[in-house]
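The two chains are supplied separately, each in an independent frame; assemble them into the complex guided by the hints.
These protein sequences, in sequence, are chains G and F. Here our numbering is used: position 45 in the first sequence is 43, and no number is missing along the way. Each number in our numbering comes from the position in the second sequence (counting from 1) with 106 added on.
No wet-lab data here; the hints were simulated from the structure. Please note that the accuracy of each hint is not assured.
Here are a few chain G residues that face chain F, going by a calculated C-beta distance under 8 Å [to be verified]:
1. V2
2. P6
3. S37
4. L43
5. D51
6. R95
7. N100
Some residues of chain G that are not near chain F, with every Cβ distance over 12 Å (derived) [as the list claims (entries may be wrong)]:
8. P16
9. Q35
10. A40
11. R66
12. T69
13. S70
14. A84
15. A90
16. Q103
17. G106
18. D107
Note that beta-carbon positions come from the ideal geometry of N, C-alpha and C, so glycine has one too.
One-letter residues, chain by chain:
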Amino acid sequence: DAMVIQNPRYQVTQFGKPVTLSCSQTLNHNVMYWYQQKSSQAPKLLFHYYDKDFNNEADTPDNFQSRRPNTSFCFLDIRSPGLGDAAMYLCATSRDRTVGSNQPQHFGDGTRLSIL
Amino acid sequence: ILNVEQSPQSLHVQEGDSTNFTCSFPSSNFYALHWYRWETAKSPEALFVMTLNGDEKKKGRISATLNTKEGYSYLYIKGSQPEDSATYLCACHSGGSNYKLTFGKGTLLTVNP
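Isolated chain F (complex conformation) (with noise of 0.2 Å):
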């Protein structure tokens, strides 16, 4: 059973400030890596899809880097807003014959003006 961990669970930070948090994944049989976003009453959103170890991918604020060899992921929120406030979901792919996305529980971000 391919184990997904997200931490921390939560977060509060004040508009402006800089975040990460942090999704780790078994390091043997690692395949891809996907980051979602799910705000409120919306569907998840995929952020990334990650596969070489060292891959680091960027999308306006946002940002995540991969580390295949010790088994982590971060993302990364750059003077974070409002509007950013959301669910951020992790997924691990084990690749082989298992086609399976296991996702992690998420990290809830709340961003107060």
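Just chain G, with the same shape it has in the complex (with noise of 0.2 Å):
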């Protein structure tokens, strides 16, 4: 069984019409993260919950937002999508974020994101 799922699998949208991505998880961990692939690219972080303590990164667009209400979701707000924002967006969790850590992050299987 899936245990980090994100909605939908595909997603299309208009330039600038507003767009949220869901992921949600089963597995109680504290740390969700998004990332943005994009074809041919590295997975990039965009940023991360460590329980309610967002974290983002330092090169990611002020377009992107997150919220995470809950331990179990976690979404992703494209404010104004641009035809550059055109991804794979991924959502990913560990247990923790400890540096002692060497736990693996798990997957979801993505939203494939198409800006018209």
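What follows is the structure in structure tokens.
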């Protein structure tokens, strides 16, 4: 059974129209991550939540926001999608974020976002 | 900025062939290296997390080695099968106050029957 679930698998939105991507987890992990992967590029971390503590990457555009209403759910909001935001968006979790951790991350299947 | 390089970008092998590919990373401030397998239309799946120089891990026909002093890891697949076809991603954790995993672009493996 999938433990990190992303919805929808495919999302099409119009240029400038806000869109929300969803991620849920049944692992009860403290940390949830959002990555953006463009074609033939490395997955790039946008931000992560450690419990309720939000950690934005310095180069993540302001257009990208996130919410984590509870342990299980995390949302990625794109306020005004541009053509350059078309990508695969991956959600991942890990039990903890400690420096001493050697835990793997657990990924969802991703949401492929297209912009018209 | 941590730079993680993977080579080759892609390769095609025949069923039964053994193959290997490389992940290179800066040897300074190394903390951990992760390998993931990402099959089309599925989620990336963790293969190995390696932290110690000289570490060698094995999972079925897949194994990995780690050299932290020279900054590389090899992933080996023995007797490749069509179901091994996937993108293999490595990612590096530099520890300290930076909790981030930095990924390479991946190696796309295609195993032809």
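We went through each hint and held it up to the structure:
For G:V2, the suggested interface contact is upheld, since its CB lies about 7 Å from the closest CB of chain F, less than 8 Å. About 14 Å separates the beta-carbon of G:P6 from the nearest beta-carbon of chain F, more than 8 Å, and the hint is not met. Given hint, G:S37 at the interface with chain F, is violated; its Cβ is 10 Å from that chain's nearest Cβ, farther than 8 Å. Taking 8 Å as the C-beta cut-off, the interface hint given for G:L43 holds, the closest approach to chain F being about 5 Å.
Hint status for G:D51 relative to chain F: violated, with the closest Cβ pair at about 11 Å, above 8 Å. Given hint, G:R95 at the interface with chain F, holds; its Cβ is 5 Å from that chain's nearest Cβ, closer than 8 Å. Given the 8 Å rule on beta carbons, the hint for G:N100 holds: about 5 Å separates it from the nearest Cβ of chain F. Every C-beta of chain F lies more than 12 Å from that of G:P16, the closest at about 26 Å, which supports listing it as non-interface.
Distance check on G:Q35: its Cβ comes as close as 8 Å (rounded) to a Cβ of chain F, failing to clear the 12 Å threshold; non-interface status is violated. Not every beta carbon of chain F lies more than 12 Å from that of G:A40, the smallest distance being close to 4 Å; the non-interface claim is violated. Against chain F, the non-interface label of G:R66 holds: every CB pair exceeds 12 Å, the least being about 16 Å. Even its closest Cβ contact with chain F, about 18 Å, leaves G:T69 beyond 12 Å, as expected for a residue assigned away from the interface.
No Cβ of chain F comes within 12 Å of the Cβ of G:S70; the nearest lies about 17 Å off, and the non-interface call holds. With 12 Å as the threshold on Cβ separation, the claim that G:A84 sits away from chain F holds: the shortest Cβ distance comes to roughly 18 Å. Consistency note on G:A90: stated as away from chain F, yet its beta-carbon is not over 12 Å from all of that chain's, at 8 Å minimum. With a closest Cβ-Cβ approach of about 7 Å to chain F, G:Q103 is found to fall inside the 12 Å limit, against its non-interface label.
Once the 12 Å rule is applied to beta carbons, G:G106 is inconsistent with being away from chain F; the minimum gap is 6 Å. Some Cβ of chain F comes within 12 Å of the Cβ of G:D107; the nearest lies about 5 Å off, and the non-interface call is violated.
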